[in-house]
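Participant: Modelling step: build the complete structure from the supplied sequences, incorporating the hints.
Residue numbers (this note's numbering), protein chains in the order written: chain E, 1 to 425; chain V, 426 to 850; chain L, 851 to 997; chain Y, 998 to 1144.
Simulated from the structure, these hints should not be mistaken for laboratory data. Heads up, a few of these hints could be off.
Stated by the list, open to error - Computed, partial: chain Y to chain E, Cβ under 10 Å:
#1 1031
#2 1033
#3 1034
#4 1035
#5 1036
#6 1038
#7 1118
#8 1119
#9 1120
#10 1121
As the list claims (entries may be wrong) - Calculated cross-link-like contacts (lysine-lysine; reagent style DSSO-like; alpha-carbon spacing at most 30 Å):
#11 E:419 - L:970
#12 Y:1123 - V:453
#13 V:844 - Y:1117
#14 V:453 - Y:1117
#15 L:976 - E:419
No residue lacks a Cβ here, since even glycine has one placed at the ideal position from N, Cα and C.
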Amino acid sequence: MTAVTAPLDVAALRADFPILGRTVREGKPLVYLDSGATAQRPRQVIDAEREFLEQHNAAVHRGAHQLAEEATDAYESARARIAAFVGSDPDELVFTKNATEGINLVAYAMGNASTAGPESARFVLGPGDEIVVTEMEHHANLVPWQQLALRTGATLRWFGVTDDGRLDLSDVDGLINAQTKVVAFTHQSNVLGTVNPVEPLVTRARQVGALTVLDACQSVPHSAVDLRALGVDFAVFSSHKMLGPYGLGVLYGRRELLAAMPPFLTGGSMIEMVDMTRTTFAAPPQRFEAGTPMTSQAVALGAAVDYLSVVGTDRIAAHEHLLTVAALDGLAEIPGIRVLGPVDGHARGGAVSFVVDGIHPHDVGQVLDDQGIAVRVGHHCAWPLHRRLGVPASVRASFYLYNDLSEVDTFLAGVRETKRFFGVA
Amino acid sequence: MTAVTAPLDVAALRADFPILGRTVREGKPLVYLDSGATAQRPRQVIDAEREFLEQHNAAVHRGAHQLAEEATDAYESARARIAAFVGSDPDELVFTKNATEGINLVAYAMGNASTAGPESARFVLGPGDEIVVTEMEHHANLVPWQQLALRTGATLRWFGVTDDGRLDLSDVDGLINAQTKVVAFTHQSNVLGTVNPVEPLVTRARQVGALTVLDACQSVPHSAVDLRALGVDFAVFSSHKMLGPYGLGVLYGRRELLAAMPPFLTGGSMIEMVDMTRTTFAAPPQRFEAGTPMTSQAVALGAAVDYLSVVGTDRIAAHEHLLTVAALDGLAEIPGIRVLGPVDGHARGGAVSFVVDGIHPHDVGQVLDDQGIAVRVGHHCAWPLHRRLGVPASVRASFYLYNDLSEVDTFLAGVRETKRFFGVA
Amino acid sequence: MQLQQMYQEIILDHYKNPHGRGLRDPYDAESFQVNPTCGDEVTLRVRLVGDQVADVSYDGQGCSISQASTSVLTDLVVGRSVAEAFTKLDAFVELMQGRGAVEPDEDVLEDGIAFAGVAKYPARVKCALLGWMAFKDAVARAGGETT
Amino acid sequence: MQLQQMYQEIILDHYKNPHGRGLRDPYDAESFQVNPTCGDEVTLRVRLVGDQVADVSYDGQGCSISQASTSVLTDLVVGRSVAEAFTKLDAFVELMQGRGAVEPDEDVLEDGIAFAGVAKYPARVKCALLGWMAFKDAVARAGGETT
Ligand SMILES: Cc1ncc(COP(=O)(O)O)c(C=O)c1O
Ligand SMILES: Cc1ncc(COP(=O)(O)O)c(C=O)c1O
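Facilitator: Here is the structure:
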């Protein structure tokens, strides 16, 4: 972790987030520890979208009038800034409705490759081919691949998870082999916080000619991520987890792959020529953006990456590291707590999931909520991972730039109160 | 048209739309006649989204904390109000990113039916089966069906368009026959304004057991539409064309069809149980809403339908009818203008597309723009229709509740000025 | 603290000492229900004799609310006619979906009235109904007459 | 009115009396380009003799800007070496993408400088470049050396 940066002025940052001033449950100050599910929005982001809608709104890439020009500029300028934020170029960035759509896009495009032209041959999958995922994936990076396997006859394989919540990389060369067509894995677990090593998987996938798909939903919002440097073929992340609006995800794809990949959603704005019997398609990224795009949302995400850049992604990561270690250390002192995943701060981000002996996660969450502490309970869309770790569900506290150490203390006190309330020693 | 309603107080309405106070091109008041592409947003809608984000924002259907409860309530209350607005129930309404996704959803789900369980048998398509569309479809309701035909081996057929811009219904029984699996058609043409008769197509489709898919993008924003009364199986419309935000579309599906239809996008929030090899799926509408939904956008569309309901959809339709007839009559007086589609107000909505002899639509649009008049030029995502009518492109003026007769006059004067500028008699 | 309203003594007692727990034979139908957001699940069996609910047995995992409400369920329905049991089911569902605005009838719901506080927490309503939905489904599978 | 800045006399003249229009034989390569938003299209042929652009012929439909710029193109490139033609192409593209901030060089672009005003209208830049992109593509297909 980068410790050489100046600490965040959290109090100043919090003033930008109107919702954090709220109280819940009969006057308790809100302690929002659910940013892993969705982050809150600073007024800068909300204002940017409003300003766009009140001054420049029009359909992009279509009209020849002044508003349409301004709207197109705002939309494409946002794309360029978001691309720069993750170390890529605007033509490699496709806007989707969420990260889930981005992964489905790649999976369906691969499914479509068999009825598309010869230029998409490298995306074709069939019986005998293998798709590799991991046991710690969010359902968004698992179910689409299961379904693709079902539709094409390909086989799904996966990396297991060790007891301490790391990927079991003991057989990389066996799992990723000459049959492998895709390797899809998460950069950072939304449950365990585990940061996975990208390099060995990308290196091996390249050796065998398999495509890599990185789920960067939990890394991009919380640290400096350079997708080109990571060398992955595709990556996805979601606007709403990084201070941006709902309804917007980003799919990154290497230029030459996007150029060869058949379309997924079809309709307006993604075509080259259309007649009643046949359609040809536009170049990327338009080819993958059918219909009216999420214009104002892209503009707002542009403002969000501006905000994150000014604060500094390294400083955000360092700050979250501090909170995470404090939470882990604090939990370690409470008897009967089992933390899922790495128990120290090494190669892990700010999601801390745990179970309390003798108290169901739902009940833990309820007592915390009663104290104004918003955490998430359940399987966090990672049911196979929970099964692997032998628990039906867990409680997750997740941190972001606007959380501070006093909130970690409130949280730890809340966990102790839960045990008291249920009479568990 | 319902003429018995009180006229709209357009001046009062306009005050709700901040962007309409803008000037463009060196101080010209904005005359926004491009609502067919995207409507402008009243502050009530923008405020509703902001209030949600600043006070109640959290991931819906997931958390057990107070914000999550409030967010879920806001989201589902919006769904219920939007459903009521189009005469349906909340469990028949699926949120998509735009109308285009809604049509793709149905088309892909049909494609998936062949590898899904026996309950989805009625959605399976193959060689010998037929898909029927029309020659006046927006690309969004054409290309997905072309692609489905390509992937399944089914055949695409279509209703032609008459010279005056109506559907040629001379052979309904031949085109919709025992082979037909789907009949997809637009309620109201985005180019011609033509309002298509739904009843004969639905009746015939039912006779042969074909599914009907109605593109209601241009009808729902502009008139009272009762989807259940129309009797269609599926329908789509887009939030951004009805005062709501970008990034949100609506798919309506009859309850029993949604219940039997296999999923499209897969991932979080749409599952019942997941393990590494197999997933079962939630009931509709969740089954079709993979990933984090467009929460704040749904809340804002809820505010938009509230706004439209208070103004009154019948009054809006009557008002637009007035503007449309004025525009058609005015254009008829200018020599060398050819209006595409119906030239009187009968069974037509407020999209007026035309060509000017001797001046390319792009050039017409440019001169109008210079006078502050925002129209759309091009094929408006209906390329086959333009080809059918023998023009490469057209100029489209489209109206909404915030336009008034003086703007129609400005527009007509602008068309005359265009002819003067290019020296065309 | 509103918490005591939700976690009534009665609920915690049923949670710690559930009634009728464990799967038993003979049975006429079984239902498996799951709460997809948290992974809680219940497997529930019913044995009907004539129009009587002769036995309800169940197993599963879940939070205090789902476990306690299934325990209360067995108290309320075993030994009753299917019609009576469904009257109670309807009353319980109405209470739970009432957002705290429904006044429960102790004559009908007995210990079930303790769940009135849960109805104020919409996210927990599903928990409270998990076992009841399994019961409804199992009776339907067993071909029980509900009216 | 800013309009005169875009619709310079020169442009309107080329539009009304296009140079080199019509498809001619012989040719080495043909390119078809379309503007997907408005349906404007151009089919353009090049004939190379040695490293010289011996002929450019074209047909198509489109707005005044796309038609006039293709007409200007033929004036600028026919009879030049491929390398010279591409210097002009680069200059024209730079001018058009310059948002009105690029000062055109009349020695290089001749009548092409009339398009400086078009560069301020981003939606029209594609129109102005349509024929030029066809020319670039056709030369590439003909295997012409561009440097
Ligand atoms: C008739 C019609 N259908 C479909 C669409 C597509 O809607 P969207 O772009 O919001 O998906 C539009 C608008 O562009 C339309 O006018
Ligand atoms: C690791 C991970 N992947 C994928 C997703 C899916 O993102 P979205 O719901 O925005 O599509 C999430 C968040 O829910 C996540 O945490």
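Participant: Decide, hint by hint, whether the structure agrees.
Facilitator: Taking the hints in turn, this is what the structure says about them:
Proximity of residue 1031 of chain Y to chain E holds as hinted, the smallest CB-CB distance being about 6 Å (cut-off 10 Å). About 5 Å separates the beta-carbon of residue 1033 of chain Y from the nearest beta-carbon of chain E, less than 10 Å, and the hint is met. A least Cβ separation of about 6 Å between residue 1034 of chain Y and chain E falls short of the 10 Å threshold, and the interface hint therefore holds. Taken as an interface hint, residue 1035 of chain Y checks out: its beta carbon lies about 8 Å from the nearest beta carbon of chain E, inside 10 Å.
This hint holds: residue 1036 of chain Y has a C-beta 8 Å from the nearest C-beta of chain E, less than the 10 Å allowed. Checking residue 1038 of chain Y against chain E: minimum C-beta separation of about 9 Å stays under 10 Å; hint holds. With its C-beta approaching chain E no nearer than about 7 Å, residue 1118 of chain Y sits inside the 10 Å limit, and its interface hint holds. Annotation: residue 1119 of chain Y was flagged as interfacial toward chain E, and the flag holds, the nearest CB pair being 5 Å apart, inside 10 Å.
The interface hint given for residue 1120 of chain Y is met, as the beta carbon of that residue sits about 4 Å from the closest beta carbon of chain E, less than 10 Å. Interface hint at residue 1121 of chain Y: satisfied, since its Cβ lies 7 Å from the closest Cβ of chain E, which is below the 10 Å cut-off. The straight-line distance between the Cα atoms of residue 419 of chain E and residue 970 of chain L is roughly 23 Å, inside the 30 Å bound, and the hint therefore holds. Between the alpha carbons of residue 1123 of chain Y and residue 453 of chain V the distance comes to roughly 26 Å, so the proposed pair stays at or under 30 Å and holds.
Only pairs whose Cα atoms come within 30 Å are accepted, and residue 844 of chain V paired with residue 1117 of chain Y is accepted, the gap being roughly 23 Å. A distance of roughly 18 Å separates the Cα atoms of residue 453 of chain V and residue 1117 of chain Y; the hinted pair therefore holds under the 30 Å criterion. Using a Cα cut-off of 30 Å, the hinted pair residue 976 of chain L and residue 419 of chain E holds, with the two alpha carbons roughly 24 Å apart.
In summary, this structure violates none of the numbered hints.
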